[in-house]
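Student: Same order as they appear, the protein sequences are chains F and D.
Position 147 (the first sequence) corresponds to 146 in numbering that gives the first Met the number 0; numbering is contiguous.
Position 375 (the second sequence) corresponds to 374 in numbering that gives the first Met the number 0; numbering is contiguous.
Certain hints may be false.
To be verified - Pair ranges (Cβ atoms, derived):
no.	chain 1	residue 1	chain 2	residue 2	range
1	D	Asn725	F	Arg72	55 to 61 Å
2	D	Lys678	F	Ile50	29 to 35 Å
3	F	Pro52	D	Glu446	35 to 41 Å
4	F	Arg162	D	Gly40	53 to 59 Å
5	F	Arg162	D	Asn281	21 to 27 Å
6	F	Arg72	D	Gln267	54 to 60 Å
7	F	Arg72	D	Glu624	18 to 24 Å
8	F	Glu95	D	Arg104	55 to 61 Å
9	D	Arg275	F	Leu115	25 to 31 Å
10	D	Lys630	F	Glu95	33 to 39 Å
11	D	Asn457	F	Arg72	29 to 35 Å
12	D	Glu624	F	Pro52	47 to 53 Å
13	F	Lys161	D	Asp568	50 to 56 Å
14	F	Leu115	D	Val273	40 to 46 Å
Hints listed in this document are in silico derivations from the structure and should not be mistaken for laboratory results.
We put the CB at the ideal spot given by N, CA and C, even for glycine.
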Amino acid sequence: MSDKLKEVISKQQKQQESSDAIITEDIVQLVGFIIGDEEYAVPILSIQEIIKPIGWTRVPQTPDYVLGVFNLRGSVIPLIDLRAKFGLPHKKINDETRFIVMKSGDEVAGFVIDRLTMALRLHKKDIEPAPETIDGDKTVIDGVGKRDENIITILKVDKLLKRDF
Amino acid sequence: MDEFDEILQDFLVESFELVEKLDEDLVELESRPDDLDLLNGIFRVAHTIKGASSFLNFDVLTHLTHHMEDVLNKARHGELSITPDVMDVILESIDLMKALLDKIRDTGKDDGIDVEFVVKKLDAISSGEDLSNVEEESSQNASQESQEAQNNAEEETSSDEIESSSESQSDSAEDEIDYENMSPEEIEAEIERLLKQRQEEDRKKREAKKKKQQSKDDKKEEKQEEAKKQPPAPQPVQKQQTQAPKKESPKKQTANAPAKKSAPTVEQTIRVDVKRLDHLMNLIGELVLAKNRLIKIYTDVEERYEGEPFLDELTQVVSIVSIVTTDLQIAVMKTRMLPVGKVFNKFPRMIRDLSRELNKKIELQIEGEETELDKSIVEEIGDPLVHIIRNSCDHGIESPEERIAKGKPETGTIKLKAFNEGNHIVIQIDDDGKGMDPDALKQKALEKGIISEKEADNMSEKEAYTLIFRPGFSTAAQVTNVSGRGVGMDVVKTNIEKLNGIIEIDSEFGKGTSIKLKIPLTLAIIQALLVGVQEENYAIPLASVLETVRISTDEIYTVEGKSVMRLRDEVLSLVHIGDIFEVERIIDQGEHAYVVVLGLGASKLGIIVDNLIGQEEIVIKSLGEYLKGIKGIAGATIRGDGAVTLIVDVVALMDIAKEVRSNIVSSQSQEGKSVSNEKNSPSDYRVMIVDDSKTDRTIMRKALEPLGITLVEASDGQEALNTLKNSDEMFDAMLIDIEMPRMDGYTLASEIKKYNRYKHLPLIAVTSRTSKSDRMRGVESGMVEYITKPYSADYLSSVVQRNIKFKPEFLS
């Protein structure tokens, strides 16, 4: 390989690295979804996978928002109904319902959402911290993202995955 | 440094093994003080540890073992007789040795433990002094001396410890304190011995390097090599030291014998990290699940394609896969098995110490120590056994005088027996002591407020014996430091139950007591009984299931709000699994129920379930951090059809059952509570039309539409049932065709009647079958009306109106 070629490649690499750095610094990639009438989002990196609804097994002595456990390719994973968790009335599973499997560290759980919207990129400057009226320690809200037409609530995945009963 | 670590690891593993063996041998030696083979063996162990520790610069350990070696050497040559007092000191020094080894394992150093006191005693023995003198003397000097020794040791270890080169060998040899006292011959012998030893260590080191590729060294092989190399080392020592040449010949024989014997039976063993075995076990678990799934699919396929030639081939493959999987599982389980003797080993020593302490004569008989158990279980049963044996020694076996007075042999016997029984291992502990008096036990429990008077009256003898496992119960009038703080037996129960084990206890007053521990062979994959309640399934570990019985609901009696039943000559308390796990009673359970009799330790409980599904091999999976610790649930498993089934935690279930008030009876009267909803408009009435023919459905729809009621259609029984199940709102009537694919009208009707919610739902048959027997069947399955095709629209409309109690004001 000629020296020139090497130079070109290394230059490209550098460029790529620096552009990567820009993305990770300033832009947050999120996945948006609807629960009830509101749009929420979680960081894309905390999502293990998104699946269509499958059967689950009820687990006794749990709050009503814990639907039970389901089998994700041989692993037994808890299933949490975000509608119930957010105090919304029960809704039947339909074609748009999805299970979002989120992880944080070793914790993994599936969350039932009404429907997916889209993957989105938000600039950090467009994300504001959760309103002060919300108790900082207990809230599952990480911040509020501003978009052209609407706002989107960004959720804290580690809080969602934390057992609170 | 790495090399040093590796050698250190090997040293520790080897030393622990040797020390364990030592304990056993020494106790045996006490009963046969003249056994030269044993003595030689013991001497070699002390010697090996001493050699290795001096090489690794563990000076305190070297110092201690050196003096032990002296004493043992004297005994070996008949210059010293092994009296119980001498034995005490030797055992004490072995305890110290263990403590030092523990310390080395944890911190890498052997300082901080005072050995001087014991060394003094050892010296006294080897020089033939009276022990009692030393004890006085040394207790005065101990503090001072130990301080010095410790300082010395600390200095030495801190400076030399890290160096692993053989240079330090000479240093440490010089450091050995006792060299001045040695005769010239002895020194010469010592030098020669050290030389051999160093050669051997070097060789070992080289070997260790060679084997680096295999993560751990081959344990047994090494041992054998040592056994082969060992004899030449002590032999020259002996030649010079022994004055009586007679003893040389037996010594030679014994030294050579094991080497010769072991040569043909070279065991090919590898040391494997437990983590790897765990991983392997997990993989097998997955395979077992896949196998269960395959079998399930196979049964479905078999049903559907009965008689097709390809089925034969499939049958063969499925059975081979299932056999191989089972074999594989057993094989992997076996790799994790350890002989239970590993736990039993420590008991001879314990019994010896206890009998001296308690001034009783006790003999321990061990049987079946080669019985194998999963490693994790072997680790767990140690403590419970210690408690049980201590208890037998302290409370069971009487003092010699008492025994003679009773006409029993002076020496009490404790039998420790292990054997396999199906998928379980049974460990039985029998003593021929005074046995237990059920009345005294009850009295005691009453005094302590553990049971009520009423409970005591109703208690059988066997139940009374189990009182000793209750927390806060202790039968010894005075508390000794051996047992009797009243926690011990409680611990036994908890630990055994944690392993899904069962305790059985039997006793004959004046004759002795027998305790039986029944423990499953392995923990990860278990046999389970699958039961159904409503639409849910649960798995109950088969180990805890004593039997299952089918009863009719009127065999259940209610006593003080709790359900009980009579099972042969016993009264069994019952609890409905649905009450424990908050299962909604949607389906009526009918007149019969199944009772699964659970036995745990010595207590029993009957669990009422709706049906028994069968026995299956299941793999225990954890519910994860989020759902950890849910009461009554031990974990989950994945079934053949991919569904998750929860595993019942029998221990917790027993606890919960005490609090759950049964509502078996009351549940039946709550039916149909919200059926009569207020109807405000015609569309509040909901009627379902079930017919496989589109035309027929349309005809019915046309006939009923004028009423303005809500109509829902289903094309067969199955679909209708699903719609019913998943619907939030009630239906007011159903029009059902009899002949339909998948599920016919009769089946549908009887299925619907199983749901409490729909018990009073009017079912109207609409059919072209007109025979009387058809009508009869319709009535049997719960149909209220029978309309034969063809019918007029008005007639249908009026029948429906009558059945849904259509309000006349909505007409028009």
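Student: Indicate, hint by hint, whether the structure satisfies it.
Tutor: Each hint, compared with the structure:
1. Remark: the range hint 55 to 61 Å for Asn725(D) to Arg72(F) is contradicted by a beta-carbon distance near 27 Å.
2. With their beta carbons about 42 Å apart, Lys678(D) and Ile50(F) fall outside the hinted range of 29 to 35 Å.
3. A beta carbon spacing of about 60 Å between Pro52(F) and Glu446(D) contradicts the range 35 to 41 Å that was offered as a hint.
4. Our hint of 53 to 59 Å for Arg162(F) and Gly40(D) holds, since their Cβ atoms are close to 56 Å apart.
5. Checked against the hint of 21 to 27 Å, the pair Arg162(F) and Asn281(D) passes, with Cβ atoms roughly 24 Å apart.
6. With their beta carbons about 38 Å apart, Arg72(F) and Gln267(D) fall outside the hinted range of 54 to 60 Å.
7. About 19 Å separates the C-beta atoms of Arg72(F) and Glu624(D), a value consistent with the hinted range of 18 to 24 Å.
8. For Glu95(F) paired with Arg104(D), a C-beta distance near 59 Å keeps the hint of 55 to 61 Å intact.
9. Judged by the Cβ atoms, the range 25 to 31 Å given for Arg275(D) and Leu115(F) is violated: they are separated by roughly 41 Å.
10. With their beta carbons about 36 Å apart, Lys630(D) and Glu95(F) fall inside the hinted range of 33 to 39 Å.
11. Taking the beta carbon of each, Asn457(D) and Arg72(F) are about 52 Å apart, not inside 29 to 35 Å as hinted.
12. Restraint check, Glu624(D) to Pro52(F): a C-beta distance of roughly 23 Å breaks the suggested window 47 to 53 Å.
13. Here the CB-CB span from Lys161(F) to Asp568(D) is close to 52 Å, well matched to the stated 50 to 56 Å.
14. Roughly 44 Å separates the CB atoms of Leu115(F) and Val273(D), a value that falls within the hinted 40 to 46 Å.
Of the numbered hints listed earlier, those contradicted by the structure are 1, 2, 3, 6, 9, 11 and 12.
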